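Q: Residue-level listing of the chains:
Number of protein chains: 2
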Amino acid sequence: MTRIDYFTEENSIEIVNGRMGKETAPRLQEVMASLVKHLHGFVKDVELTQEEWEAAIEFLTHTGQICDDKRQEFILLSDTLGVSMLVDAIQHRRPPGATENTVFGPFHVDGAPVLEMGANISLDGKGETCLYEGRVLDLDGNPVEGVRIDVWSDNSEGFYDVQQPGEQPTWNNRGVFITGSDGRYWFTGIKPVPYPIPDDGPVGQMLTLLGRHPWRPAHMHFMLNHSRYERIVTHTFVSEDPYLTSDAVFGVKDSLIIDYLPCSEEGVMWKASFDFLIVEKATKRDTERTNT
Amino acid sequence: MTRIDYFTEENSIEIVNGRMGKETAPRLQEVMASLVKHLHGFVKDVELTQEEWEAAIEFLTHTGQICDDKRQEFILLSDTLGVSMLVDAIQHRRPPGATENTVFGPFHVDGAPVLEMGANISLDGKGETCLYEGRVLDLDGNPVEGVRIDVWSDNSEGFYDVQQPGEQPTWNNRGVFITGSDGRYWFTGIKPVPYPIPDDGPVGQMLTLLGRHPWRPAHMHFMLNHSRYERIVTHTFVSEDPYLTSDAVFGVKDSLIIDYLPCSEEGVMWKASFDFLIVEKATKRDTERTNT
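If you're matching them up, the sequences are chains A and B in order.
With the numbering used here applied, the first sequence covers 1 to 292.
With the numbering used here applied, the second sequence covers 1 to 292.
No lab work stands behind these hints: they were computed from the structure.
Given the structure is predicted, the values throughout are model-derived calculations rather than measurements.
Careful: at least some of the hints might be erroneous.
Pairs count within a copy or across copies, as identical chains cannot be separated in the list.
Within a straight-line C-alpha distance of at most 25 Å, the following computed DSS-like cross-link-like pairs (lysine-lysine) qualify [claimed, not checked]: (1) Lys253 with Lys44; (2) Lys22 with Lys37; (3) Lys126 with Lys281; (4) Lys37 with Lys253; (5) Lys44 with Lys70.
Using the sequences and the hints, build the whole thing.
A: Structure below.
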């Protein structure tokens, strides 16, 4: 008679993973085996109690049920546990010097108007005006033409236009700019302000229990697209922001913090300069090949 | 100037856990630190892609949203990943010889009628009749009086009464029996049949992708309560069941499998004998003290 191994505390990982069928897609097998290993490892390490397990089930259920077409609490949970930034970091390992990515965030909208360089994207007339300017360069320092730069930020009260439909002008603090042969970009917006992530749901309760606040430091969003270069999704951060070291979603990177300097142009208070260094798709593939 | 460490792929666990406030409850700190360690460990081990992360967010959201007052898909997810059994195993480490626990399951109902020993709990007249009998003993082999034994099973079509209100008689295949001074119990029910867990939701989709079936082997539920003894929540399983080695929720333990033998009593087809060995609350505490 063959000895049969039933589930025990000791063999739990092997038993659950051993149940996967041979026809299971190899990548799914790899992902699930690691998930079960770490999930059981967590339960064993802390000797999770029945009551804690019930609280976890309730938390996850509530997190799912508060989601709707406007709210995604599981993404918020991923963000606040650092998982979103970790996945982004793993996906976007770049050569030294290249502009780093950060979280995409939930507030991008497709279809913002393509504007002339120099245009003002702040349509509500609120906030401290700021000139954003810089260049898009390749890793050899050559300007890149034809890069499509999507920009978006909150208004001076900490809300994106899509959070206040009817209250803010459509496309307030949004625009698309396309670089010319000099690789330069420049436009006027506002100096952004910090804002809290939605904290009236389960994730907010979690942050409170962990002694954490829900604030994100002020930032301007940028997305750079070009057929020959890797997409960049990033922010630039305001250097004196009080939440830089405690961003609720861990989005800050040293290389993305910039000084907002007083601006000499008439009617503009601040100037924020930032050069983007972008990576050719082929170049990146070469880098990966070298690394493996 | 103090050097500030921002989030990176390398330091992600330390950065996220370092964010917890000093006032955080010590047990919550312990649980969250381990959760973040294992969650990030999983993402790093498999280098989870953006697309896989999106699929995970969608899966978790769907799992939460299909829950209602009748359906708990997150418990089902926990069951099918072996987490429920693992938590149960950690909570109910018992001395050798003591009856083992298994999952409680979603079909227990409080308030079932207290019946005379020998009563028939199968009220729909369907299925193969079976005499359940045995003793409740302490670890020294002495009979235990006054043990409240809750029993429940599916009917011959694989459904519990609460799954078919109006179709099955109320309290069909349920009852409560209280042991006398001899510690004996006996009642008539049916030989239970295998049934599938609900597989029309995200968990069912997951099982399909993993090449797993949703079936549970046939089992009779028992819950034993007595003020001086540790509660036992368990099943007994039918020895020739085809799903014993592939229970969708990993509930089977060797010591809980019993042979259903032909019964010589008139009108009863099978006999299922099982003695419960229960642990005094004080005894269990002593054991734990010895182990630590």
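Q: Work down the list of hints and note, for each, if the structure agrees.
A: Quick rundown of the hints versus the structure:
Taking identical chains as interchangeable, the C-alpha atoms of Lys253 and Lys44 lie at most 25 Å apart only when they sit on different chains, with a minimum of 19 Å there against 34 Å within one chain. Taking identical chains as interchangeable, the C-alpha atoms of Lys22 and Lys37 lie at most 25 Å apart only when both belong to the same chain, with a minimum of 19 Å there against 30 Å between chains. In the homo-oligomer, the alpha carbons of Lys126 and Lys281 never lie at most 25 Å apart, since the shortest distance is 40 Å inside one protomer and 68 Å across protomers. Proximity of Lys37 and Lys253 under a CA criterion of 25 Å is satisfied inter-copy only: 21 Å between copies versus 31 Å inside one chain copy.
In this assembly of identical chains, Lys44 and Lys70 lie within 25 Å of each other by CA distance neither inside one copy nor across copies; the values are 37 Å within and 30 Å between.
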